[in-house]
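Visitor: Based on the sequences and whatever the hints tell you, model everything.
4 protein chains.
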Amino acid sequence: MTRVAVLGAKGRMGSTSAEAIEAADGLELVARIDVDDDLATIEEAGAEAALVFTTPDVAFDQARWCLERGIHVVIGTSGFGDDKVGQLREIVADHDGVGAIVVPNFSIGAVLMMRFAAVAAPFFESVEVIEMHHPDKVDAPSGTAVRTAEVIAEARREAGSPGLPDATTTDPDGARGAKVAGIPVHAVRARGFIASQEVLLGDPGEIFSIRHDSSSRESFMPGVVAALRWIPGHPGVTVGLDEVLGLD
Amino acid sequence: MTRVAVLGAKGRMGSTSAEAIEAADGLELVARIDVDDDLATIEEAGAEAALVFTTPDVAFDQARWCLERGIHVVIGTSGFGDDKVGQLREIVADHDGVGAIVVPNFSIGAVLMMRFAAVAAPFFESVEVIEMHHPDKVDAPSGTAVRTAEVIAEARREAGSPGLPDATTTDPDGARGAKVAGIPVHAVRARGFIASQEVLLGDPGEIFSIRHDSSSRESFMPGVVAALRWIPGHPGVTVGLDEVLGLD
Amino acid sequence: MTRVAVLGAKGRMGSTSAEAIEAADGLELVARIDVDDDLATIEEAGAEAALVFTTPDVAFDQARWCLERGIHVVIGTSGFGDDKVGQLREIVADHDGVGAIVVPNFSIGAVLMMRFAAVAAPFFESVEVIEMHHPDKVDAPSGTAVRTAEVIAEARREAGSPGLPDATTTDPDGARGAKVAGIPVHAVRARGFIASQEVLLGDPGEIFSIRHDSSSRESFMPGVVAALRWIPGHPGVTVGLDEVLGLD
Amino acid sequence: MTRVAVLGAKGRMGSTSAEAIEAADGLELVARIDVDDDLATIEEAGAEAALVFTTPDVAFDQARWCLERGIHVVIGTSGFGDDKVGQLREIVADHDGVGAIVVPNFSIGAVLMMRFAAVAAPFFESVEVIEMHHPDKVDAPSGTAVRTAEVIAEARREAGSPGLPDATTTDPDGARGAKVAGIPVHAVRARGFIASQEVLLGDPGEIFSIRHDSSSRESFMPGVVAALRWIPGHPGVTVGLDEVLGLD
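Chains A, B, C and D, in that order, give the protein sequences. The numbers in my numbering rise by one with no breaks, and the one at position 178 of the first sequence is 469. The numbers in my numbering rise by one with no breaks, and the one at position 245 of the second sequence is 536. The numbers in my numbering rise by one with no breaks, and the one at position 73 of the third sequence is 364. The numbers in my numbering rise by one with no breaks, and the one at position 25 of the fourth sequence is 316.
By construction, these hints were calculated from the structure, which means they are not laboratory data. Any given hint could be a false lead.
[Unchecked claim] Listed next, with one range per pair, are the computed distances between beta-carbon atoms:
#: 1; chain 1: C; residue 1: GLN378; chain 2: A; residue 2: VAL429; range: 49 to 57 Å
#: 2; chain 1: B; residue 1: ASP327; chain 2: D; residue 2: GLY361; range: 53 to 61 Å
#: 3; chain 1: C; residue 1: GLY524; chain 2: B; residue 2: LYS470; range: 35 to 43 Å
#: 4; chain 1: C; residue 1: VAL429; chain 2: A; residue 2: ARG448; range: 28 to 36 Å
#: 5; chain 1: D; residue 1: ASP430; chain 2: B; residue 2: ASP327; range: 24 to 32 Å
#: 6; chain 1: A; residue 1: HIS386; chain 2: D; residue 2: VAL376; range: 48 to 56 Å
#: 7; chain 1: B; residue 1: VAL429; chain 2: D; residue 2: ASP427; range: 35 to 43 Å
#: 8; chain 1: A; residue 1: VAL429; chain 2: D; residue 2: VAL376; range: 56 to 64 Å
#: 9; chain 1: C; residue 1: PRO523; chain 2: A; residue 2: VAL429; range: 49 to 57 Å
#: 10; chain 1: B; residue 1: THR459; chain 2: A; residue 2: LEU538; range: 40 to 48 Å
[Stated by the list, open to error] Straight-line distance between alpha carbons at most 16 Å, and here's what the computed EDC-like set of lysine to aspartate or glutamate pairs gives:
#: 11; chain 1: D; residue 1: LYS428; chain 2: C; residue 2: ASP462
#: 12; chain 1: A; residue 1: LYS375; chain 2: A; residue 2: ASP348
#: 13; chain 1: C; residue 1: LYS428; chain 2: D; residue 2: ASP385
#: 14; chain 1: C; residue 1: LYS470; chain 2: D; residue 2: ASP464
#: 15; chain 1: B; residue 1: LYS470; chain 2: A; residue 2: ASP462
We put the beta carbon where it would ideally sit given N, CA and C, even for glycine.
Guide: Given below as structure tokens:
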């Protein structure tokens, strides 16, 4: 049984996660920390792991505070780039046995989609990405679609795959979409979608597709729970769920 | 039994149609006319209807030749716009009982998709069109996608539907695709597709989609046969398969 | 502005509907009636229309009570078969100008899917229905799938369509699914679905599909609102949303 | 450059493969052997590898003949079960450096689908398989669907996954389909499909799907070519394309 503190427990991801932790075998919720709460509560509650969903301005310092006290951290706050990950590695190096994992995307479905897309991409002549989100989203394409296109492009480059065939010479209004790392990416914005994405791969006489439809925050909970169960046995700094899921 | 002549019988659509006519109940293939053949053969064979798949430069004159002799025509050659349709009306007006039908798209599936999209569009907040074709296609979006977007836009205008919701403010690479008559249209070009299209409609909590996948010229044959069976009883000039299919 | 009373206002459909009515142009919520409330409140509140989502044992008597007082009714309670519809007709015949509509399915998407499936079915050689619901559902196939198969079968019978091609001779475990009115129906039960259905139609070289994915009760609200706006101008008894949507 | 002989060169798979070999870099077609041809031609032509697509009654003896002469074999003939694979191992053990690969399915898309389904299955609560084929197919479900269900079941058993949730108590006509190794499998038979399959995986709030649509024999060619390129460097007996594709 791992004793868990949730930081940012009143936020949407934090509160949904708190419920999921309470329902999960092997995890025990011992502290809900919000913006005005004293971090000392975490230690007093005997937390072994902290789940960090606080805002980017405080998340790093809170993670450091935990790691320095031997408390493992699972970081869901966005914006932990190479820079901050490097700093986490320095902190962890000084505290034997403690682990930190930075998770840009807790959706196991999204992680599997990216992995499968990367494995499959070199075997097909064509590949394109279509992402579908609600129309209140302000940016296109989605971060997941960009990352998916990047891992596809990287896999094809490593395999020595040729460029994608495309005879288009007339496209006055931009129907062919965006090119991200050379991979066409299309963004649909329609009421009724929450977050969906499809990767289409094609060869003569066949289409292979991988699709993920997410309709609620609930879909992130298996990833949150898996990371919390995994972190106590894995010191050091890890990025992404791939290793947690045994995909490496 | 309707006696049919195929004009352009050595072309891809003409030759596939000739086979379909031979296999169809109620139709009898009596003449295969190609570029060097004398049109008189059509009359000598006793053809009651002519299927025109010749090139745009000769198709109109051939259709006129048939109509003036009381032979109904089904025109599959592309490029019969309002201008030529008007001329056909004048010819037909002088020849009692003869019928001409101009068919821009013989795919019953494509015709149904457009019709259903137009009927459904006013009932949903969002609508987008995704078309998928082989990567040797030079233009994007496809003519069918443009026509679909136009009929959707027209249906929404008539119903007084508001504009589509879209909060996108950041889309540096054009992932949101083309806007055709205000409707977002996305074009995928991937090996493995022949001609596919999906219309996505969305409301809070639901997605409605209409999709057509065509994988061979065979899929146009039911439309060709239906038009040939229908034309003898329908004098005057008709455009499109809608009336043939009983959709009007 | 139509003044509306909701009967069964504490139930799931009733309470969601009450919110939707409050948000809708042209409708005003004037009474929320629940199991212990006096129906007289409906009249006192000056309701012109009543939305009935109470249980089957009381819904009919409540509808009668409203109709006898000149209050139009929209009935969402299930179980209003030919028998009860006939009784409604008798009541309405005695009360000039009052209207009742019985709506087995408020999902506009589901209604459109059934209508489009019926229109398209005679044009294709093959047709099958796949419905997908959450795994807590106790019956298979769904009522909507059964109704869809029935309207497809009826449309094909009227059109004189032949039987569906199927060379299956070996299917020891029943993978070909159920036959409803001669139409194959498949039921998927998987976590993550709420209520989805796809109608697949096929001809040589093409597949045509119509799909509806519903992920929340919200998706029924446009149908509820449309029925309430429509009923005041349409005396008599109506069954289903088709006429409300202008599909007849 | 590997010199290749095709055995069964007049059959459908053999003749399509012969064309693909002629077009492929690194392979040279040196002999087309059919039922009445002398096997000695293979050796005379200097073939280094033989592609076997002959009928089950002669394929094994032909493979043995090749292996005994140091010619690698790629076997596409169906029906090479554990028994024959064992005999192949004995033959190969006596002939140093020669390799044989038995390939039940040359579709890279189908192989990837099975692999991905097995990897993903333990991460989701629900999983079902839907396969779609032309209506002239006599057996249901397809061999690929059965194999897919088996690898999914095996992956879940190894991971200790619980049984699939399913509250169905009423299913009079069998809409829930077949259970293969405990996994629901549905078979659609509709004109317009050649060979398609979708694996649906679900968790609360999300659906993950992997789909493969094959519309021609062409789609098997990349697998045929990959196996022929791979076999010269891989002595011993191999079953399936997984290792060829680097999936192991």
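Visitor: Would you list, in rising numerical order, the hints stated earlier that this structure does not obey?
Guide: Hints 4, 5, 9, 10 and 13 are the ones this structure does not satisfy, whereas the remaining hints hold.
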